[in-house]
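If you're matching them up, the sequences are chains A and B in order.
Under full-length UniProt numbering, think of the first position of the first sequence as 1, with each following residue one higher.
Under full-length UniProt numbering, think of the first position of the second sequence as 1, with each following residue one higher.
Because the hints were derived from the structure by calculation, they are not lab data.
As the structure is a computational prediction, the values presented were derived from the model and not from experiment.
For every residue, glycine included, the Cβ atom is placed at its ideal position computed from N, Cα and C.
Hints should not be assumed to be uniformly reliable.
Listed below are several chain B residues computed to face chain A (Cβ distance under 8 Å; list not exhaustive) [unchecked claim]:
no., residue
1, Tyr54
2, Thr56
3, Ile59
4, Val60
5, Ala394
6, Gly559
7, Gly640
Here are some chain B residues the structure puts well away from chain A; computed CB gaps all over 12 Å [said to hold, decoys possible]:
no., residue
8, Ile8
9, Glu33
10, Phe92
11, Gly252
12, Gly254
13, Tyr379
14, Thr515
15, Tyr548
16, Arg590
17, Val643
18, Leu650
What follows is a list of derived Cβ distance ranges for each label pair [as the list claims (entries may be wrong)]:
no., chain 1, residue 1, chain 2, residue 2, range
19, B, Gln430, A, Asn384, 35 to 41 Å
20, A, Asp474, B, Asp206, 29 to 35 Å
21, A, Arg386, B, Phe5, 58 to 64 Å
22, B, Val620, A, Gly353, 23 to 29 Å
23, A, Gln36, B, Pro203, 55 to 61 Å
24, B, Pro203, A, Gly563, 47 to 53 Å
25, B, Ala574, A, Asn384, 32 to 38 Å
26, B, Ala574, A, Lys197, 56 to 62 Å
There are 2 protein chains.
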Amino acid sequence: MDLVFIAIVLGLLAVVYGFVTSRQVLSSGAGNEKMQEIAAAIQEGAQAYLKRQYTTIAIVGVVVAVLVFIFLGIIPATGFVIGAILSGVAGFIGMNISVRSNVRTAAAAQSGLQQGLTIAFRAGAITGMLVAGLALLAIAVFFWYLVGPSGHAPNSREVIDGLVGLAFGASLISIFARLGGGIFTKAADVGADLVGKVEAGIPEDDPRNPAVIADNVGDNVGDCAGMAADLFETYVVTVGATMVLTALLLKGLGDLLMPMMALPLLIGGACIVTSIIGTYFVKLGKGSTNVMGAMYKGFLVTALLSIPLIWIVINVALGGMDTVIGGSTVTEIVAATDGTNLAEEGLSEQIGGFTGWSLFYCSLIGLAITGLIIWITEYYTGTNYRPVKSIAKASETGHGTNVIQGLAISLESTALPTILIVAGIIATFQLAGLMGIAYAATAMLALAGMVVALDAYGPVTDNAGGIAEMAGLDDSVREKTDLLDAVGNTTKAVTKGYAIGSAGLAALVLFAAYTTDLAEFFPNADVDFSLENPYVIVGLLLGALLPYLFGAMGMTAVGRAAGDVVKDVREQFAGDPGIMAGTSKPNYARTVDLVTKAAIKEMIVPSMLPVLAPIVVYYVITLIAGQENGFAALGALLLGVIVGGIFVALSMTAGGGAWDNAKKYIEDGHHGGKGSEAHKAAVTGDTVGDPYKDTAGPAVNPMIKITNIVALLLLAALATG
Amino acid sequence: MDLVFIAIVLGLLAVVYGFVTSRQVLSSGAGNEKMQEIAAAIQEGAQAYLKRQYTTIAIVGVVVAVLVFIFLGIIPATGFVIGAILSGVAGFIGMNISVRSNVRTAAAAQSGLQQGLTIAFRAGAITGMLVAGLALLAIAVFFWYLVGPSGHAPNSREVIDGLVGLAFGASLISIFARLGGGIFTKAADVGADLVGKVEAGIPEDDPRNPAVIADNVGDNVGDCAGMAADLFETYVVTVGATMVLTALLLKGLGDLLMPMMALPLLIGGACIVTSIIGTYFVKLGKGSTNVMGAMYKGFLVTALLSIPLIWIVINVALGGMDTVIGGSTVTEIVAATDGTNLAEEGLSEQIGGFTGWSLFYCSLIGLAITGLIIWITEYYTGTNYRPVKSIAKASETGHGTNVIQGLAISLESTALPTILIVAGIIATFQLAGLMGIAYAATAMLALAGMVVALDAYGPVTDNAGGIAEMAGLDDSVREKTDLLDAVGNTTKAVTKGYAIGSAGLAALVLFAAYTTDLAEFFPNADVDFSLENPYVIVGLLLGALLPYLFGAMGMTAVGRAAGDVVKDVREQFAGDPGIMAGTSKPNYARTVDLVTKAAIKEMIVPSMLPVLAPIVVYYVITLIAGQENGFAALGALLLGVIVGGIFVALSMTAGGGAWDNAKKYIEDGHHGGKGSEAHKAAVTGDTVGDPYKDTAGPAVNPMIKITNIVALLLLAALATG
């Protein structure tokens, strides 16, 4: 239990870092009156968004919590509430910091690039540490409470169901935040452009356009609140699922049970320490303007320092690296089976003995995957490499060829990450079976604090540039914020690649939890998960369909919500001519509230898809072909969602990032530069990439995991009901 | 054996129909001198294409044939050669007819719409009947030879390997024809537009542009030769795999063995008769211009007449509809197992007794799936429905929104076909196990003659319109060819939907052949195909990656090949100013030959992907984790290709068709009509959709099946080697 306390302390450390750093950031200068006025409008908009979004989520959350309570009892319901609330808190605080740091970044950039970078990155780091810290606290404290004061065994059903409930709460918030945020940001973006640039003929960042503030709010909604909720969820799900797997798979551990349950928490805690240290290394070299290099320096320090620290915590938890886990304790299971029952046989393999060293190597593989995915994503979305350059070149021959090349790149970009994930699965499975995959995923997620910091930095600099522009600051300021912002585009893309890669591994861990849970709940069910079972094929096909359908809904939703924005802005212009004249202030909050309403309305149906699909598929197949085939089809559905979803998500996010930067590359003076025909084509590609990378693509992550978690809850409900 | 003779006779009937009808078509008037001159240029180009394409394929084919002979022996090698040659013959004759009928259609349209329709549809029907007839003959004659003169048992290894070799030959031609043709047609299209319309400022169908003829040739290369090879292959694979499954799954059939082996051939033969009858019902009502209605009338007659005919052939073959197949003969297998060996248990289920009625109902389901897929595809690509209209509407707000909405539709369009296929799998499996799925696929493919007729009609009318335009015929003629051509767009899209749906089912049958073949070759291998086996997950992920990578390669290939076209045309213009002046004829054959060369060069690497991937995955996983996991990963790879490929292919073909018709819809006077901003946006969408629907999407079909067939061959080679 001492180990859990250590994890709790380290989680609190992250929260303390958040508070201290936010004081530092907020105490820095907020610029002149004009800047503060614009920033206030964005803050006002953000408040309007947060209020309505969280009100709606709260209503849905209460309903779901009651359902979880009725079907599964008080512990999972409590877990659900904790997961939901803390996920909300992380996003809420993060966004509040973000919309206050943008103007301070612009102000600091007046003094120098390093000053601007410091404010912007620290703002991101606050969100990052809160995500990792609160996620770790949620699991650790809840686990401590269940095992300590409540007196449940660490591997009891109560603890398992509680952790699954916690993950469900986080996931539900996450899909709302991701999808709602994604629709919001792109609807505001597209809507503002259509009615402002096209109809009214005013420039892009004009404060007279009521939707422009919604656009700025949207940046934060998507890449700060949305990503925070996404990675909070992935963190909770991954660490939680690793603990659940430990409880389900590793029987008869004796004294090692408690340390093994606490170990994922400790790894998370250790990496919070290294992440905090890493943030202080995000500094430009003397006279250097290599902002991306500074970022990577911070990330690299975190990753490298994590290696010895993970070694230490494994050593401490297990009492030595050579401690054997599983090995001899499971020989009786192996001996008891005749070798023909595949489920049992699989089980015995999975727990067939590994050491602390195995878990250490698996964690290293997780860190390596993180680094390589970041590198691959940068290759596909950075302006220095073939993919983006090829899209820029294709823009010379028109809109069509730009889009074709962008689509080709988006398809291609799935290859290396997939091969990397496959290699990771094979290597970690060889080292420590399913637990190996789980530890790789845990190590990946342990870096979430640092990675979210990189991502949440994006909207701060994006807004800072907008504020500098609107407030008419000196061109040299805008140049600096542009430098900072260009990096933001890359870090945003990179974080999405990381989020999807880690979500893929996390989902595999969840799938393993499903099959082991099934074996525990229904020991007599002879479920045939073989590919030769047609219901497995049916499940795979239906599962792979979900991300497609979900993506289609997300993309059409953006179109419809943008239409609502256009209508509202037209009304405001017509109702008060003073807005265009610049004599009266447009009602920013009204537009923001409207986009929020539209986004929330549009997100309901797609969000229901991953919640209802597993339930419907299970009952329909059970009705047609019996419960065992129902379980088989449901399991296959889960894997189908993962297999299908990874490709949809990877291709959309990388493709979108590549289009975005191809436009930037042309704007930097290549292929004719700004205003050329190539630039127009690149703008089209960027528009296409927007809902790809900011709406549909990233929302696939929580969708994959919700499907898996609902299946776990369904099993629990079926077993108890 | 009498039953096989009947099938052979019916196959010959199709060939006879082809010869008779081609005489009819070729004897009709070929228009004035100008028309004939243009048509001659297209024919010349087609010859150049066919010559080079088939020369290259022949070289590759000989090499592969030798490899098949070395590793697998003379019978599979013979099958390979027969499959390859007859597939080539079907495409060759079809294309020759097609490029002779276009000008005759234009000439006939001068007399009236019905006259034009008759010529164009008959031209298509020739290709269609040759595809179905030659495919049926290939299997039936080869099977007859092996079982009759050679004296092998109908379910012997020789027959099985021979049929697999036959399928491989057809598939290899098919992927070359599909991918090469797809790259050719779109490279010529895009290249001609870029250098003609954009650079030289001459209109789209101007005979001075050397690439314009390549563009016209390309229509035939893609939708006539490409589709013919594709469906020839799917036909051979499906009927062959159904026979292979019969031989592998149904042991101890006694007197029923031969009839059961011949039954798929008979169903194919029966539907050739109904397809021929159906072609005579493609007639316009008095004064009607509903060309699509006439087409559907023909298809409906074929489908409805097939019902009683299939009933008759099952009745005749099995000696009554109540004849039980499998049932009692396999009880000993069931009794011999203890119920824990999943592979054996699955086997006993699969052959656990079904009657002629079961097979009849499964065949009906296959016919129903065909009809419904056609209907769904028309919904997603027709100008009368929401999807196309929504894209057209989105064009009003620009290029970006057009593409976004098109992508959303392309994602969405996968849902209904998938659900349909899933429902088909469940229903047929409930009726007759794996054999049920195989019979549904066989019935689907049995209609190939009629469906290919609808498709091959497309390029004929497309070219007819171009010829009418270039030859300066009266506007009333162009109006008629436009009416005919508009339908061609829909039939081309519809056929692609059908090809992918049937390919999906065929691939499942192939996958079943893989698993049963594996059990037969390696009875002691305890291969764990369970989703709980991480190597299965690895296989699924890698399999699902293949269509993405393949699609990316196909799409970039179009861009590069189009670049070559631009260069060639520039050279021709520069070298002979008389071309632009209209005094000398451009060297059409040179451009065509160049596009052919470029297309062939570009198709090599992607074609190798499905051939090498199964081999590499098997050996790598075997090296890491042993042969049993190698087999498991390979099996999962096959299923991953199917699951991933269906979605990529469906979304690309439907999306491309929808973009195409959204442009047509605007050109018909909606949203501002031709020349409006909406139209420009729609042109962009159409350009994007082109390589989607004509290059990458359709080529996924043969890719899926090649992967599966290579796996079957690998098994055979491993077993004998």
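Quick rundown of the hints versus the structure:
1. Tyr54: 28 Å, violated
2. Thr56: Check failed: Cβ of Thr56/B comes no nearer than 24 Å to chain A, outside 8 Å.
3. Ile59: Violated. Min distance 29 Å.
4. Val60: 25 Å, violated
5. Ala394: The hint holds - Ala394/B has a Cβ within 8 Å of chain A, the shortest such distance being about 6 Å.
6. Gly559: This interface hint holds because 6 Å falls under the 8 Å limit.
7. Gly640: With a minimum Cβ separation of about 7 Å from chain A (threshold 8 Å), the hint on Gly640/B holds.
8. Ile8: Ile8/B clear of chain A: closest Cβ-Cβ about 33 Å, beyond 12 Å.
9. Glu33: Holds, because the least Cβ-Cβ distance between Glu33/B and chain A comes to about 37 Å, which exceeds 12 Å.
10. Phe92: 31 Å, holds
11. Gly252: 21 Å, holds
12. Gly254: 26 Å, holds
13. Tyr379: Correct as stated: the minimum Cβ-Cβ distance to chain A is 15 Å, above 12 Å.
14. Thr515: Violated, since 5 Å does not exceed 12 Å.
15. Tyr548: 5 Å, violated
16. Arg590: Given a closest Cβ separation of 23 Å, the condition holds.
17. Val643: Its Cβ does come within 12 Å of chain A, the nearest being 5 Å, so this is violated.
18. Leu650: 9 Å, violated
19. Gln430/B x Asn384/A: 35 to 41 Å: Roughly 56 Å apart at Cβ, these two residues miss the hinted range, so it is violated.
20. Asp474/A x Asp206/B: 29 to 35 Å: Since Asp474/A and Asp206/B have Cβ atoms about 55 Å apart, the given range 29 to 35 Å is violated.
21. Arg386/A x Phe5/B: 58 to 64 Å: 59 Å Cβ-Cβ, so the 58 to 64 Å window holds.
22. Val620/B x Gly353/A: 23 to 29 Å: Since the Cβ atoms of Val620/B and Gly353/A sit about 25 Å apart, the hinted range of 23 to 29 Å holds.
23. Gln36/A x Pro203/B: 55 to 61 Å: 59 Å, holds
24. Pro203/B x Gly563/A: 47 to 53 Å: 37 Å, violated
25. Ala574/B x Asn384/A: 32 to 38 Å: 36 Å, holds
26. Ala574/B x Lys197/A: 56 to 62 Å: Roughly 42 Å apart at Cβ, these two residues miss the hinted range, so it is violated.
Going down the numbered hints, you'll see the structure goes against 1, 2, 3, 4, 14, 15, 17, 18, 19, 20, 24, 26, while the others check out.
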